[in-house]
Amino acid sequence: MGNHALSFGAMLCRVQVISAYPITPQTQVVELLSEMCADKTLDAKFIKVESEHSAMAACLGASLAGARTFTATSSQGLTLMHELLHWASGGRLPVVMGNINRSMAPGWSIWSDQNDSLSQRDTGWIQFYCANNQEVLDTVIQAFKVSEKLLIPSMAVLDAFTLSHTYEVVDIPEQEKVDEYLPPFKPPIRLTPDEPHAFGGLTSPDHYFELRYKLQKDMEKAPALIEETGKEFKQKFGRFLGLVDDYCCEDADLILITSGTMGSTARVAVDELRKEGIKVGNLRIRAFRPFPFEKVREIVKNAKKIAVVDRNISYGHHGVFYQEVKSSLYGHDGCPPTFGFIAGLGGRDITPSTFREIVQYALEKKRPEEEIVWIGVKR
Amino acid sequence: MSKEKTMKLSLPEEELMNSGHLACQGCGATLAMRYVLKALGQRTALCIPACCWSVIDGPFPYSSLDVPIYHCAFETAAVSASGVKAGLEMVGDSETTVVAWAGDGGTFDIGIQALSGVAERNDDILYVCYDNEAYMNTGTQRSSATPYGAWTTTTPVKHFKNRPKKDMVAIMAAHRIPYIATASIGYPEDLVKKIKKAKEIKGTKFIHIYAPCPSGWKCRPEDTVKLSRMVVQNAIFPLYEIEWGDKYILNIKLKDKKPINDYLRLQGRFHHLSEKDIAFMQEEVDKKWERLLGFVNKCQ
Chain L
19 MGNHALSFGA
29 MLCRVQVISA
39 YPITPQTQVV
49 ELLSEMCADK
59 TLDAKFIKVE
69 SEHSAMAACL
79 GASLAGARTF
89 TATSSQGLTL
99 MHELLHWASG
109 GRLPVVMGNI
119 NRSMAPGWSI
129 WSDQNDSLSQ
139 RDTGWIQFYC
149 ANNQEVLDTV
159 IQAFKVSEKL
169 LIPSMAVLDA
179 FTLSHTYEVV
189 DIPEQEKVDE
199 YLPPFKPPIR
209 LTPDEPHAFG
219 GLTSPDHYFE
229 LRYKLQKDME
239 KAPALIEETG
249 KEFKQKFGRF
259 LGLVDDYCCE
269 DADLILITSG
279 TMGSTARVAV
289 DELRKEGIKV
299 GNLRIRAFRP
309 FPFEKVREIV
319 KNAKKIAVVD
329 RNISYGHHGV
339 FYQEVKSSLY
349 GHDGCPPTFG
359 FIAGLGGRDI
369 TPSTFREIVQ
379 YALEKKRPEE
389 EIVWIGVKR
Chain Z
21 MSKEKTMKLS
31 LPEEELMNSG
41 HLACQGCGAT
51 LAMRYVLKAL
61 GQRTALCIPA
71 CCWSVIDGPF
81 PYSSLDVPIY
91 HCAFETAAVS
101 ASGVKAGLEM
111 VGDSETTVVA
121 WAGDGGTFDI
131 GIQALSGVAE
141 RNDDILYVCY
151 DNEAYMNTGT
161 QRSSATPYGA
171 WTTTTPVKHF
181 KNRPKKDMVA
191 IMAAHRIPYI
201 ATASIGYPED
211 LVKKIKKAKE
221 IKGTKFIHIY
231 APCPSGWKCR
241 PEDTVKLSRM
251 VVQNAIFPLY
261 EIEWGDKYIL
271 NIKLKDKKPI
281 NDYLRLQGRF
291 HHLSEKDIAF
301 MQEEVDKKWE
311 RLLGFVNKCQ
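So the protein lines, in turn, are chains L and Z. Those letters in the first sequence? Residues 19 to 397, per this note's numbering, in order. Those letters in the second sequence? Residues 21 to 320, per this note's numbering, in order.
I should point out that these hints are in silico values taken from the structure, not numbers from a laboratory. Just so you know, even glycine gets a beta-carbon here, dropped at the ideal spot from N, CA and C.
No more than 27 Å apart at the CA atoms, straight line, and that leaves these computed lysine-lysine pairs for BS3-like: (1) Z/Lys217 x Z/Lys273; (2) Z/Lys213 x Z/Lys25; (3) L/Lys58 x Z/Lys222; (4) Z/Lys277 x Z/Lys238; (5) Z/Lys273 x Z/Lys28; (6) Z/Lys222 x Z/Lys318; (7) L/Lys66 x Z/Lys219; (8) L/Lys66 x Z/Lys222; (9) L/Lys254 x L/Lys195.
Partial pick of chain L residues on the chain Z-facing surface, computed with a CB cut under 10 Å: (10) His71; (11) Leu102; (12) Arg208; (13) Pro214; (14) His215; (15) Leu229.
Based on the provided sequences and hints, a complete structural model is requested.
This is the structure we're talking about:
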């Protein structure tokens, strides 16, 4: 299951400190890691804290001391951590976290949508959205590599149940190869009495601005680094991990833009529709932060229309991916009509017929007639 | 020829706190830090949440201390220290004493959840709460460490604080951690002795240090040390230790316990109190003192 893929990913990265708090649908991640620490499969300290807020706080302390650090959470837990997500990126602490996308309460929901992780958009974390369990495991490894190089934390995001609890075959890479790909964490500066520094003290307007400028400049290096480490990953393990993942987009009249597991469902619909002579493609956004502006522009440049499907909503605006895609295209030549669909909130199923409905709508209309096109909502 | 006499020092000579810090005149928290670092030595790492000390240390990129500091989030001092300890151990440093250094707000109020978690797990950290009995860094708002009767900007004299100070030591004792002690900057030898003792104990250690704040208490800066001795002698803040949650040791015995009146009269924050209010407070102090003596006597 996806949760085990996260645990094995952390194990293969030889994480040194783990701190986490249980939440459905993340529990198997911490259960398996507890087992691994107990039987010494993994030489790590596991701090079993009393809240997600403390989980992230413990990770930050450990990371500052120079240890490779991992946690996992979901939904309410992630949003409880919110303050410390800023602390992680602002403190330049390359923690890697698995987040299982689960809808925010109220009402209580344990099922999937993306509002938890997308509402952490501006916290300065790199975010990867995974489409299958192999990618979950691989992403943890790549995330540590990217994060430790840039000193920016990363989140590996996966859908509740569709990935977290679904068993599929996953190739577990050899430890030796992972060690070659990911050398031990050696931060340039860390908390130690050998070289005493004060980290994160009162910072005047004379300095604060520059610290944030540097964070953004390093974030801007992330797209190239993700592609580069993705290629390196392919050389070693045979699987490419890029900013995006496109399918049948070259000649597509309509490109469906998705994220997470929706992508695999979209591809079933793409195959079916292509058999019927409708030229559809799917562009799956894998890296949400940094947002792959250039990749998106390059891949959609010949499309006649774009349909962005969001399993999330920014209330008072649009779906979040829709906003991001539009901002990628704005002011560039040949920007095709772009439709924004919202589907599957709170774990409502997204099926190939959902995509059929979306394709039908987008092909029928010349341009979007509504700010948001709701799919499958009972009115 | 007369023999040269060397002065016998009662406190370690080493200074890990330098001039140039940003504390107010007469700041008790500053003396607390100086003594604690003297006791711990340089192999020390501090986790400081939002509190006066996050300012006192000095602005980025300066620091007035010769030990590393992690300025952590307000409610995370204890667990940040746990994280630092775990991280240091994983990179081969088991020697460094990791200290969570927080004010009363960061301990009694917003940080109590994380502290309780750390204490329940018995993580190997030293937690020091320097208690100036209100949110002093933000300009004297009441905390749950503010004593009964006190004025603060959020408990104005017309509606002074009418609930007792939270008994944080009892809460920590209920966690059955290996070591708890109260200390006062007015008794530096006792304070240093306790910190040295705590340093040698594995597990969670909690030290509650009384640290006057002249600007918030409306007292004279030159009275800081005086108040720090009076508060012990009148039993408002007795000096004692608790081992494993139930072994009580009283450090300063009071043959001649002083009334609280003189102590209160030195502080503007208590000026509004009537004789009746003070009599009530005296009664409460006496009750608490008897209760403590009961615990201590049971252990003898």
